[in-house]
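These protein sequences, in sequence, are chains V and G.
For what it's worth, my numbering labels the leading residue of the first sequence as 7, then goes sequentially.
For what it's worth, my numbering labels the leading residue of the second sequence as 7, then goes sequentially.
Be a bit skeptical, because a hint or two may be false.
Identical copies look the same in the list; a pair holds intra-copy or inter-copy alike.
[What the hints assert, rightly or not] Restricting the straight-line Cα-Cα distance to at most 30 Å, the calculated cross-link-like pairs of lysine-lysine (DSS-like) are:
(1) 601 with 311
(2) 54 with 535
(3) 150 with 242
(4) 155 with 54
(5) 534 with 52
(6) 535 with 52
(7) 54 with 534
(8) 139 with 109
Don't read these hints as lab results, they were simulated from the structure.
Protein chains: 2
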Amino acid sequence: SSILAAHTSSKSDSSGVSNSGESSKESSRCSTPVLDADRTDRLRDKMKRRIESGDRWFSLEFFPPRTAPGAVNLISRFDRMGSGGPLFIDVTWHPAGDPGSDKETSSMMIASTAVNYCGLESVLHLTCCNQTKEKITAHLNKAKRLGLKNIMALRGDPIGKDWVEEDGGFNYATDLVKHIRCEFDDYFDICVAGYPTGHPEAESYEDDLRHLKEKVDAGAHFIITQLFFRAETFLKFVKDCRAIGITCPILPGIFPIQGYHSLRQLVKLSKLEVPEEIMQVIEPIKDNDAAIRNYGIQQAVEMCKVLLASGEVPGLHFYTLNREVATMEVLRQLGLWAEDPRRPLPWAVSAHPKRKVEDVRPIFWASRPKSYIYRTQDWDDFPNGRWGNSSSPAFGELTDYYLFYLKSKSPKEALLQMWGEELMNEESVYEVFTNYITSQTNRNGHKVMCLPWNDDPLAPETNLLKDELEKVNRRGVLTINSQPNINGKPSSDPIVGWGPAGGYVFQKAYLEFFTSSENVTALLQVLKKYEPRVNYHIVNVQGRNTTNAHDMQPNAVTWGIFPGREIIQPTVVDPVSFMYWKDEAFALWIEQWAKLYEDESPSRMIIQYIHDNYFLVNLVDNDFPLDSCLWQVIEDMFTLLDSPPETQKD
Amino acid sequence: SSILAAHTSSKSDSSGVSNSGESSKESSRCSTPVLDADRTDRLRDKMKRRIESGDRWFSLEFFPPRTAPGAVNLISRFDRMGSGGPLFIDVTWHPAGDPGSDKETSSMMIASTAVNYCGLESVLHLTCCNQTKEKITAHLNKAKRLGLKNIMALRGDPIGKDWVEEDGGFNYATDLVKHIRCEFDDYFDICVAGYPTGHPEAESYEDDLRHLKEKVDAGAHFIITQLFFRAETFLKFVKDCRAIGITCPILPGIFPIQGYHSLRQLVKLSKLEVPEEIMQVIEPIKDNDAAIRNYGIQQAVEMCKVLLASGEVPGLHFYTLNREVATMEVLRQLGLWAEDPRRPLPWAVSAHPKRKVEDVRPIFWASRPKSYIYRTQDWDDFPNGRWGNSSSPAFGELTDYYLFYLKSKSPKEALLQMWGEELMNEESVYEVFTNYITSQTNRNGHKVMCLPWNDDPLAPETNLLKDELEKVNRRGVLTINSQPNINGKPSSDPIVGWGPAGGYVFQKAYLEFFTSSENVTALLQVLKKYEPRVNYHIVNVQGRNTTNAHDMQPNAVTWGIFPGREIIQPTVVDPVSFMYWKDEAFALWIEQWAKLYEDESPSRMIIQYIHDNYFLVNLVDNDFPLDSCLWQVIEDMFTLLDSPPETQKD
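Same shape as in the complex, but just chain V (with noise of 0.2 Å):
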């Protein structure tokens, strides 16, 4: 039985299962069903198992931005290429301009925003010159503890023309990669920069590749280049580099031609030369924006083509300068832009490596995962397979800081336009919501394309119930969370599907809304009817909680069954952190909405009102395989506030 043999022994050596008892008895048992297995590995293993495999990929580098409002920006911006499938983003780093401090705008701080808040790789760049030992260490603990893995180690450009190498100090990034790996050992993964046509204060290209040699010895894991016009230039330095026995990954950096002025200014910081063909191309057409730019993607397409057809060339690096056009319509043209709209889970994912095994979270935070993100950083544990396994979660305050960094992407003129720059009752309340549902637009000609609760258009999950749903609001059921029932589509289903190929996914009916106390009165009747059936939780701002639930048991709404894993149930309603989402839901309409108009004027009154007096409610349809309820018990509850009032008391 060769055949048997031969498949015994191609699997059994890699398993590593031991077939007595004894040996498994100290082995950490490691069994998370984890959806997104690069969510696990280090950077360099990724890279590893997509070169053994041939699938190419793509990496991005940004700039830290100036302002606040550029930063939220350039936040929106990793959550838009983030969806396209990078490998890593990488952000750079300039001493000038306080690169590890605590500020949004640092470069410290957006590498951990693009980790931990848009669940994307990310590799901080460091350069050390002019730079104490203490300084960089603690720069490095910094990223560390922000969950950062990454660093890409430079020398930097020194401070001054009289700038000469120090004893023992980083002179260069082979010292700063020597120090990262005798105080961090193994911890960051690290990337130094190569240079296709040498340093352009080396001595010579020869003596330039030495270097890179060195910082490669010194414990670097993998090169990015210089950016260069022509894929020759590129082949040949790798070709060099190996020749002098570099090993390590060298991806090639790309940078797609976006203007006229921006790459002459990029030439003489880098000092390098811009090929004649190119030139004869550009001048003709320097001001005409658009065509340079369209040029830029077609040469850029180009060029890495012969790149990705040479077959040594892993992945690409793309030098964005924060835009996002022309590297996407690079990329679409190579086909390396992912095309699965589909979530990995039904909520963003953070890439600290803290929350590697997270997979459920409650529902109430799905239009704002980065406020539960943000909420749940310091937890130590986060829930695996079942909610509350992770003892005695603590949400984090509401703080000043949440509330701007986590604020709206639109200026409060546009927040104004779109909800009203003077609200008449309540019901100009409703109109809000509905025009938000029904994306028409409101009296005043603007679209209403976010509220308070969510950030972004409706989800196209959400869309399916947008019928339903602008009929409640129009009446005062003012939802800011809905899904419907899910009774198994194929995981590939482009608008509820999520995880691995194969499986099926399901869902509750869930429907989350403010109301009037009026309402709720008579939603509690109607309620009656659906025992078992439909859990609720109703709570005002005081924290007054009524429920049909057990108190301390979370109900499962969405979860998935996959090939060969177990159960996930990535999203619960769970009472406990009901009551914390609670308060961040009645301080959104104050903080996002209220705080738009003037004090003690009547639109502000209206937002306090509502605040003061309505009840959030949440319903979960259990019933998942039948036609949702929820829309029953909502037109049960308008009937009977209809009715005459001696029949409501029954």
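Given chain V, put chain G in place with the hints provided.
Below, chain G without anything else, positioned relative to chain V:
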């Protein structure tokens, strides 16, 4: 909104959910989705809840068996009678019989078995007369260690006639109650005996009532009475107890008369008088056992009806004399016998307090739950929610004790009749498996009621697969475990349902079998076509393991979705524990089957050959909404085997 106010206050008080972030910071989260709320509570709490809800219960008394086979029988009886839903059972204590020892016939071990292996809430009797404090404490410590939580505190019969009270010794049950409360605080629930007609040695009925009051005041939680023959005897006793301030539950001891001689003996021992009206019926039929038993059933039913109708009796306690027919019949006629044949979980629950959160197990032990419980008895934590959350579970060794203790219920002669006095070849073995599946008589006229891996006839669920199983066993695919795929049947389904009402249960199709290495060679060829739909593990006795599954990730094969709960996934195919199961599954060939035959006999050598050369295979069809493809896999394997050799290589 008065309706609202009423609702709000009624629930918010009991919820204990805080509305601020602070108070739950320290609170230990308990979000275990325990299926049977009874599993977590103390016996006194269960009684309290049942009394409040008016839900009457019954309990069953057994005495320890004299012989090891008697112990095996009694454990089977626990399983059968446990399915009727007793609130608890109790095991008597006879100082002369070494009741605290480790022998499988001791009171201690029988009670421990009932708790740990049969999942029954159990009360261990303990007598104190002529015992040292140290000995008593040692017994109690041992009981606690074994997972026992309830003690029936008794004085016991003094040994010898010249017994006198010892100063500071255990002269009365009260002393024992005090000692338990003193040494073990509130750990044990304590039961004491009541004598409806007064203790035979008491000075008076009133004096005896005062003693009972002392026992309760010392810390007993409930009372079980000595047997009696008239309902009014008990009802007067309860009234008298209440009158002197005894408020705890008082359970009547019911003795269905089962035979003339056992009645005479019992009456003599307990110094009770049998009422004239009973003797008048019994004397004329004293040689007709059936007639007496029928009378006993009828008499007990009548008396119990009066007791239950009185409103004074929350539960009935039965002196079973280790027999089941009479008591079960009385309970059926009273409507107290649980008619729900569904499993609480798809495996036997243990009542050990350590295991109260356990809700997932490897499917391999589905037919051998006691073995699983035995082999995991030293675990400190049990998987809850997800398999492998508890760190490094190591399975206990296969010891002789284990092989004895959990051996077949059938004696050697019966096994030989079922499995063959003499085996001719491997096909003889196939026939045994096939006869087990079809439950037809074999060529010697005996039904095969069990196999080494299945001590009971085919489960109703497996019966659904009978025709397919017969077909493959006939050809040497020797199945030992299987389940059909289930795509969302109601949890109330009589065959595949389990868990709370209103839920839905699911399964992936599973098939586990032994088969020859030739078959496995073909199977591995065939399985390539079924990637990634089918996961497999294939292993021989040496542990050569071939699999296409992740090394460490379990595959959930049974799960349930219930109102207001997290997902429950009670069974998984776990790669690590499969290696432990493999040892057990192969050992059963030898220990239970081969050893029936003489050393060196052809029959023994046939079993030994299978043991040495066959493979153990498990298959999971991940695509649970579709018809199982596992039969097609086996079919394809046979087709390949039947095809000319050259086509087998493709």
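Results for each hint:
{"no.": "1", "hint": "601 with 311", "in the structure": "neither (53 Å within a copy, 70 Å between copies)"}
{"no.": "2", "hint": "54 with 535", "in the structure": "between (58 Å within a copy, 29 Å between copies)"}
{"no.": "3", "hint": "150 with 242", "in the structure": "neither (36 Å within a copy, 76 Å between copies)"}
{"no.": "4", "hint": "155 with 54", "in the structure": "within (17 Å within a copy, 56 Å between copies)"}
{"no.": "5", "hint": "534 with 52", "in the structure": "between (53 Å within a copy, 27 Å between copies)"}
{"no.": "6", "hint": "535 with 52", "in the structure": "between (54 Å within a copy, 29 Å between copies)"}
{"no.": "7", "hint": "54 with 534", "in the structure": "between (58 Å within a copy, 26 Å between copies)"}
{"no.": "8", "hint": "139 with 109", "in the structure": "within (22 Å within a copy, 70 Å between copies)"}
Hint compliance for this structure: hints 1 and 3 are broken, all remaining hints hold.
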